[in-house]
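Undergrad: Using the sequences and the hints given, assemble the complete structure.
So the sequence lines, in the order shown, correspond to chains A and B.
Here the working numbering is used: the first residue of the first sequence is 1, the next is one more, and so on.
Here the working numbering is used: the first residue of the second sequence is 1, the next is one more, and so on.
FYI, nobody ran anything at the bench for these hints, they're computed from the structure.
Please note: incorrect hints may appear among the correct ones.
[Unchecked claim] Pair ranges (Cβ atoms, derived):
no., chain 1, residue 1, chain 2, residue 2, range
1, B, PRO211, A, SER177, 48 to 54 Å
2, A, PHE18, B, ASP262, 42 to 48 Å
3, A, PRO211, B, LYS126, 22 to 28 Å
4, B, ASP219, A, GLY250, 36 to 42 Å
5, B, LYS309, A, ASP222, 49 to 55 Å
6, A, ALA217, B, HIS75, 26 to 32 Å
7, A, GLY250, B, VAL243, 24 to 30 Å
8, B, ARG80, A, SER177, 14 to 20 Å
9, A, LYS252, B, ILE120, 36 to 42 Å
10, A, SER279, B, GLY250, 30 to 36 Å
11, B, HIS75, A, GLY304, 44 to 50 Å
[Said to hold, decoys possible] Take a look, some chain A residues computed to stay more than 10 Å from chain B by CB distance:
no., residue
12, GLY14
13, ASP23
14, GLY73
15, LYS81
16, ALA217
17, ASP262
18, GLU306
19, ARG343
20, PRO367
21, PHE379
Beta carbons are placed, not taken as given, at the ideal position from N, Cα and C, and that holds for glycine.
Number of protein chains: 2
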Amino acid sequence: MNDSEPISNAVDEGEVGFVDFHDFVSRAPFHFEFGGVIPELTLRYETYGQLNKEKNNAILICHALTGDHHCAGVHDINERKRGWWNFMVGPGKPIDTTRYFVICSNVLGGCQGSTGPNTINPETGKRYDLDFPKLTVRDMVRAQVLLVDSLGINKLHAVIGGSMGGMQTLQWAKDYSERVDRYIALACGARHSAQTIAFNETGRQAIMRDPKWNQGAYDPEDGPFGGLSVARMMAHITYLSDVGLENKFGRKRKEVDKSKEDFDVEFEVESYLHYQAQSFITRFDANSYLYLTKALDRFDLFEGEEPEKTIDKIKVPGLVVGFDSDWLYPPQGNREVVEHLLRGGKEASYVELSIDYGHDSFLVQSPDLYQLIQTYLNF
Amino acid sequence: MNDSEPISNAVDEGEVGFVDFHDFVSRAPFHFEFGGVIPELTLRYETYGQLNKEKNNAILICHALTGDHHCAGVHDINERKRGWWNFMVGPGKPIDTTRYFVICSNVLGGCQGSTGPNTINPETGKRYDLDFPKLTVRDMVRAQVLLVDSLGINKLHAVIGGSMGGMQTLQWAKDYSERVDRYIALACGARHSAQTIAFNETGRQAIMRDPKWNQGAYDPEDGPFGGLSVARMMAHITYLSDVGLENKFGRKRKEVDKSKEDFDVEFEVESYLHYQAQSFITRFDANSYLYLTKALDRFDLFEGEEPEKTIDKIKVPGLVVGFDSDWLYPPQGNREVVEHLLRGGKEASYVELSIDYGHDSFLVQSPDLYQLIQTYLNF
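TA: Shown next, in the form of structure tokens:
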């Protein structure tokens, strides 16, 4: 979400260095929760570290809405940025690649190599676009289970993720408790609030009202980039915090004093948003954005039932981390999950960190988060 | 902003009933703060109550971004809704039309009858569109001064307004202290934060990236309605509060369970936003939205200088009201204005009301706000 480089590491750990992705292909038909089916699926993924003989040292990292499988290292010497969680994953880091075999896959429905709306449907020879089935977070997790199976891993040491990755993490804990030793969900909650749904729907409308969206059947080279830019600009504001933006930009100007109105960039924060949007449209598929945000809006850990029923299914200990400046997935939504777990007699912990980066706090290195993850994974 | 009908009046006051608007026309060239000029201007306005012989009982109400001059009563028997501040303005109400002569004008740059981008430029016979000069809140106030002059009013009993209306109010207090007895500014602040600018810029981009915007020269019957809808949906979220939306909608569904994804409305909050957008595009001009939001972003009560310089110019007592659930113009921004005034030895009061309606709280009837305005206007 936040494309900015994380602040420099407090400790001088090792780096995973050069990495390559792999494609896991399942040739069996995949049935979606809402009834749709695709003839096969691919999940693009990366791994770091070595799987031990007992195959019990694997950690699965689940990425956020606009993240991908590339969470650590670099693909080649020209790559400007390291993976999105590079400060967290590597030798001696909290997700320690000298101890753990770390897996991160692009989600089902994504657009970075895994099967999603922009994938060619082998049955038609055309992109799925809106023929891609209705998607849920449970579908994403079920696809990950196939990948984990293919690696011969029966039980994961941990599942961890933030935001959409946190929801996948909670879904794992609920649906596959017997295959997870522990879980860490960051900056998420049991379900979206009305406000979060409202923001997502506004983003979707920005895309769908762009004439170039063309009912999802757009030219990938000339897609609904205007709408996708607007969706990203808005979403990006919700990933940050009022205080964070104020500290970074305030009312710093790029002003030209003239009587003619041209609606040009006048404040630096505008220029920053434009940059974020431009960078986003070069890497993200508009239909994928629609499908993934819908899956998020639909996610409800409790599935509309009494929370106790869900809690009963979660058999393993977990840690939930909220951030006080996160107003998209506010602390109370994170805390609520753990309150239900504790009331249900489960082993669960809640930590609330005070970091100014809003929802993106889990993507920004901080000593508190760093130590917390390190300790919890190793206990 | 909030189109919903205010909750019913706690007290059974009278109504202003049927009202008519008037057009004030100034035939002299109007010079804008940034240097632009238009050959003449019109302000559409309404008045309620009677101007007394001494002409010292006038109250000027300044409207918010998407408000207008019609703040009380109805235009005809078929009008479904009363004016936007009807609960506040009328016989026996806080802005008591049996005591006060109440004026409310559509702002310069607006689109409800006052001169703005969608007005025909008498020099060219075409709409101004983007030839309309760069606009500021000071320009809006200077146009209102011409209207007040034309009514023979030397000194206003009060100026009052919320949000953009609050900024106009503060500008009046600063630039025309000698012409105001007191002022009440609600839900505003001295200037926009980076976050508020970011939201406004996203809304502008939604409009300007709509191909039908056509560099501002759109067909009014076939304008950038898609972009304007998206801008409104996003803005509308920022006018409300997380808690308010959750209480009203939560995760109430309009669901159709099917495997095909059609991105239809699935939650009631989505349907509500669509309705708000649809209603908005029938009444608001896209270029006007661009100009007014730019004026708001530029507004800085302190004009980048030491606040003391501004404070020195404000010679009259004032009341500033913040709302604890307002995250677009948060309480601290409102409070800050009064803190500076008090430090500068000025008569000023700050009240923070606890109302769940977010930024729109000033548009929703509450006993606290009702009494506060009533008392402050009459002291």
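Undergrad: If a hint holds in the structure, say so; if it does not, say that too.
TA: Hints versus structure:
no., hint, in the structure
1, PRO211(B) - SER177(A): 48 to 54 Å, "holds (51 Å)"
2, PHE18(A) - ASP262(B): 42 to 48 Å, "holds (43 Å)"
3, PRO211(A) - LYS126(B): 22 to 28 Å, "holds (26 Å)"
4, ASP219(B) - GLY250(A): 36 to 42 Å, "holds (39 Å)"
5, LYS309(B) - ASP222(A): 49 to 55 Å, "holds (52 Å)"
6, ALA217(A) - HIS75(B): 26 to 32 Å, "violated (46 Å)"
7, GLY250(A) - VAL243(B): 24 to 30 Å, "holds (28 Å)"
8, ARG80(B) - SER177(A): 14 to 20 Å, "violated (55 Å)"
9, LYS252(A) - ILE120(B): 36 to 42 Å, "holds (38 Å)"
10, SER279(A) - GLY250(B): 30 to 36 Å, "holds (35 Å)"
11, HIS75(B) - GLY304(A): 44 to 50 Å, "holds (46 Å)"
12, GLY14, "holds (37 Å)"
13, ASP23, "holds (24 Å)"
14, GLY73, "holds (32 Å)"
15, LYS81, "holds (23 Å)"
16, ALA217, "holds (14 Å)"
17, ASP262, "violated (8 Å)"
18, GLU306, "holds (15 Å)"
19, ARG343, "holds (21 Å)"
20, PRO367, "holds (26 Å)"
21, PHE379, "holds (34 Å)"
In this structure, the earlier hints numbered 6, 8 and 17 are contradicted, and the remaining ones agree with it.
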